[in-house]
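Asker: Sequence:
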Amino acid sequence: MKTINFGIILSGFLLSAVCLPLFGQQKALPRSTPAAENVDQQAIVNYLAAVKEAKQDLHSLMILRHGKVVSEQWFGDNTADKPHPLWSISKTFTATAIAFAISEGKLKITDKVISFFPDKLPPTISDNLNKMEIRHLLTMSSGHDTAPNDVRFTQGRDWVAGFLAAPIVHEPGNFFVYNSMASYILSAIIQKVSGEKLIGYLTPRLFQPLGIEGVTWEESPQGINAGGWGIAVKTEDMAKLGVFISQKGIWKSERLLPEDWFNEATAWHIPSRPAGVRPESINLDTKEIDWLQGYCYQMWRGRHDTYRADGTGGQYILFIPDKDAIIVTTAFVESMQEELDLIWKYLLPAFN
Numbered sequence: 001m002k003t004i005n006f007g008i009i010l011s012g013f014l015l016s017a018v019c020l021p022l023f024g025q026q027k028a029l030p031r032s033t034p035a036a037e038n039v040d041q042q043a044i045v046n047y048l049a050a051v052k053e054a055k056q057d058l059h060s061l062m063i064l065r066h067g068k069v070v071s072e073q074w075f076g077d078n079t080a081d082k083p084h085p086l087w088s089i090s091k092t093f094t095a096t097a098i099a100f101a102i103s104e105g106k107l108k109i110t111d112k113v114i115s116f117f118p119d120k121l122p123p124t125i126s127d128n129l130n131k132m133e134i135r136h137l138l139t140m141s142s143g144h145d146t147a148p149n150d151v152r153f154t155q156g157r158d159w160v161a162g163f164l165a166a167p168i169v170h171e172p173g174n175f176f177v178y179n180s181m182a183s184y185i186l187s188a189i190i191q192k193v194s195g196e197k198l199i200g201y202l203t204p205r206l207f208q209p210l211g212i213e214g215v216t217w218e219e220s221p222q223g224i225n226a227g228g229w230g231i232a233v234k235t236e237d238m239a240k241l242g243v244f245i246s247q248k249g250i251w252k253s254e255r256l257l258p259e260d261w262f263n264e265a266t267a268w269h270i271p272s273r274p275a276g277v278r279p280e281s282i283n284l285d286t287k288e289i290d291w292l293q294g295y296c297y298q299m300w301r302g303r304h305d306t307y308r309a310d311g312t313g314g315q316y317i318l319f320i321p322d323k324d325a326i327i328v329t330t331a332f333v334e335s336m337q338e339e340l341d342l343i344w345k346y347l348l349p350a351f352n
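To convert, note that position 147 of the sequence shown is 147 in our numbering; the numbers rise steadily by one, no gaps.
One or more of the hints may lead you astray.
[Claimed, not checked] As a list, the in silico DSS-like pairs of lysine-lysine whose alpha-carbon atoms are at most 30 Å apart:
{"no.": "1", "residue 1": "LYS108", "residue 2": "LYS248"}
{"no.": "2", "residue 1": "LYS252", "residue 2": "LYS108"}
{"no.": "3", "residue 1": "LYS112", "residue 2": "LYS82"}
{"no.": "4", "residue 1": "LYS248", "residue 2": "LYS55"}
{"no.": "5", "residue 1": "LYS68", "residue 2": "LYS345"}
{"no.": "6", "residue 1": "LYS345", "residue 2": "LYS82"}
{"no.": "7", "residue 1": "LYS108", "residue 2": "LYS197"}
{"no.": "8", "residue 1": "LYS82", "residue 2": "LYS120"}
{"no.": "9", "residue 1": "LYS252", "residue 2": "LYS68"}
{"no.": "10", "residue 1": "LYS120", "residue 2": "LYS108"}
{"no.": "11", "residue 1": "LYS192", "residue 2": "LYS112"}
{"no.": "12", "residue 1": "LYS287", "residue 2": "LYS55"}
{"no.": "13", "residue 1": "LYS112", "residue 2": "LYS287"}
{"no.": "14", "residue 1": "LYS197", "residue 2": "LYS287"}
{"no.": "15", "residue 1": "LYS55", "residue 2": "LYS82"}
{"no.": "16", "residue 1": "LYS27", "residue 2": "LYS197"}
{"no.": "17", "residue 1": "LYS131", "residue 2": "LYS192"}
{"no.": "18", "residue 1": "LYS27", "residue 2": "LYS82"}
{"no.": "19", "residue 1": "LYS131", "residue 2": "LYS108"}
{"no.": "20", "residue 1": "LYS252", "residue 2": "LYS106"}
{"no.": "21", "residue 1": "LYS197", "residue 2": "LYS120"}
{"no.": "22", "residue 1": "LYS120", "residue 2": "LYS131"}
{"no.": "23", "residue 1": "LYS108", "residue 2": "LYS52"}
{"no.": "24", "residue 1": "LYS27", "residue 2": "LYS68"}
{"no.": "25", "residue 1": "LYS82", "residue 2": "LYS52"}
{"no.": "26", "residue 1": "LYS55", "residue 2": "LYS68"}
{"no.": "27", "residue 1": "LYS248", "residue 2": "LYS106"}
{"no.": "28", "residue 1": "LYS345", "residue 2": "LYS248"}
{"no.": "29", "residue 1": "LYS82", "residue 2": "LYS197"}
[What the hints assert, rightly or not] Here are the computed distance ranges between Cβ atoms for each label pair:
{"no.": "30", "residue 1": "GLU171", "residue 2": "GLU280", "range": "15 to 21 Å"}
{"no.": "31", "residue 1": "PRO279", "residue 2": "THR203", "range": "38 to 44 Å"}
{"no.": "32", "residue 1": "GLU171", "residue 2": "THR286", "range": "34 to 40 Å"}
{"no.": "33", "residue 1": "ARG303", "residue 2": "THR203", "range": "33 to 39 Å"}
{"no.": "34", "residue 1": "GLN337", "residue 2": "ASN38", "range": "24 to 30 Å"}
{"no.": "35", "residue 1": "ASN38", "residue 2": "THR79", "range": "28 to 34 Å"}
{"no.": "36", "residue 1": "LYS248", "residue 2": "GLU104", "range": "16 to 22 Å"}
{"no.": "37", "residue 1": "ARG255", "residue 2": "VAL193", "range": "28 to 34 Å"}
{"no.": "38", "residue 1": "HIS66", "residue 2": "ASP145", "range": "41 to 47 Å"}
{"no.": "39", "residue 1": "TRP268", "residue 2": "THR79", "range": "33 to 39 Å"}
{"no.": "40", "residue 1": "ARG303", "residue 2": "ARG255", "range": "29 to 35 Å"}
Rather than coming from a laboratory, the hints here were simulated on the basis of the structure. Beta carbons: idealized from backbone N, C-alpha and C, even for Gly.
Model the full structure from these sequences, guided by the hints.
Answerer: What follows is the structure, given as structure tokens:
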């Protein structure tokens, strides 16, 4: 079968080596070259050399400008057609499902969380629990002092009931704590109002229009997609979500979601900090840590006026709006900040 190949080899790295069967091009993102989109090819070469020197376990890299893929590569046994676990990038897919449900009138961002689960409420409903709204789940400001992750590991425990029974120490909207269980509750809400699991709800609304196939998503013992983790898709599927978000709900000239949602979803909403870090233990004035730049709707603000979806181990959809650029990575790295530092050092200046 005839293929299209864009590629060069550098020091053991496969740079932009892609084989796209012709029958798959219709669902693929448009391709271009670094030169055509005014991207410095040498900067990409230098970045990959720095990654190799730092021994970062990069699995894939895809660079887009003006909605076109200008460079793509996979490393080791990772391939273009192999789904990759995304961990917390799952949250951004979940938030997009909330956007569809709002646009269809199934819920409002100010709806009370307890209104969806009358059969799973604790015996006493605190004032803070009563105040918790969908928007607080989106911004990781549900009011928990620590994320109630233990409910996942208590045999026989209903995850929704466990989340609602956990102490709500702070008034919702005022205290950030990274909380994957909040994302799970968003998934449970989608299933409640639509009658479909999150993955089924997104299939005709997002996955099929964008040509995203072969999606898998972990479930709780109650049969609810995890929401905050557990999705696996291909690198190009991540890039498609990135293009859809950067185009503020438009895909192939068709508007699928309102622009206003994306203006809100990518904006700064609350001060943030890395998962598991207490606010009293860090200097909130530092400008050197990307996890201290604020939180959006299931995405992070970053340095250099960027925002991103990210997942444990170095999974990224990085948005650089003033460059009209997106950088997508899959990886298994110990320091996600060091991964970002190399991207900012070598790839950010590449967009001229």
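Asker: Next step is simple, just say for each hint if it's right about the structure.
Answerer: Against the structure, the hints:
no.: 1; hint: LYS108 with LYS248; in the structure: holds (19 Å)
no.: 2; hint: LYS252 with LYS108; in the structure: holds (27 Å)
no.: 3; hint: LYS112 with LYS82; in the structure: violated (39 Å)
no.: 4; hint: LYS248 with LYS55; in the structure: violated (36 Å)
no.: 5; hint: LYS68 with LYS345; in the structure: holds (22 Å)
no.: 6; hint: LYS345 with LYS82; in the structure: holds (29 Å)
no.: 7; hint: LYS108 with LYS197; in the structure: holds (19 Å)
no.: 8; hint: LYS82 with LYS120; in the structure: violated (39 Å)
no.: 9; hint: LYS252 with LYS68; in the structure: holds (13 Å)
no.: 10; hint: LYS120 with LYS108; in the structure: holds (21 Å)
no.: 11; hint: LYS192 with LYS112; in the structure: holds (14 Å)
no.: 12; hint: LYS287 with LYS55; in the structure: holds (25 Å)
no.: 13; hint: LYS112 with LYS287; in the structure: violated (35 Å)
no.: 14; hint: LYS197 with LYS287; in the structure: violated (39 Å)
no.: 15; hint: LYS55 with LYS82; in the structure: holds (23 Å)
no.: 16; hint: LYS27 with LYS197; in the structure: holds (25 Å)
no.: 17; hint: LYS131 with LYS192; in the structure: holds (20 Å)
no.: 18; hint: LYS27 with LYS82; in the structure: holds (16 Å)
no.: 19; hint: LYS131 with LYS108; in the structure: holds (14 Å)
no.: 20; hint: LYS252 with LYS106; in the structure: holds (26 Å)
no.: 21; hint: LYS197 with LYS120; in the structure: holds (18 Å)
no.: 22; hint: LYS120 with LYS131; in the structure: holds (16 Å)
no.: 23; hint: LYS108 with LYS52; in the structure: violated (47 Å)
no.: 24; hint: LYS27 with LYS68; in the structure: holds (13 Å)
no.: 25; hint: LYS82 with LYS52; in the structure: holds (22 Å)
no.: 26; hint: LYS55 with LYS68; in the structure: holds (29 Å)
no.: 27; hint: LYS248 with LYS106; in the structure: holds (21 Å)
no.: 28; hint: LYS345 with LYS248; in the structure: holds (28 Å)
no.: 29; hint: LYS82 with LYS197; in the structure: holds (24 Å)
no.: 30; hint: GLU171 with GLU280: 15 to 21 Å; in the structure: holds (18 Å)
no.: 31; hint: PRO279 with THR203: 38 to 44 Å; in the structure: holds (39 Å)
no.: 32; hint: GLU171 with THR286: 34 to 40 Å; in the structure: violated (26 Å)
no.: 33; hint: ARG303 with THR203: 33 to 39 Å; in the structure: holds (35 Å)
no.: 34; hint: GLN337 with ASN38: 24 to 30 Å; in the structure: holds (28 Å)
no.: 35; hint: ASN38 with THR79: 28 to 34 Å; in the structure: holds (29 Å)
no.: 36; hint: LYS248 with GLU104: 16 to 22 Å; in the structure: holds (18 Å)
no.: 37; hint: ARG255 with VAL193: 28 to 34 Å; in the structure: violated (22 Å)
no.: 38; hint: HIS66 with ASP145: 41 to 47 Å; in the structure: holds (44 Å)
no.: 39; hint: TRP268 with THR79: 33 to 39 Å; in the structure: holds (37 Å)
no.: 40; hint: ARG303 with ARG255: 29 to 35 Å; in the structure: holds (31 Å)
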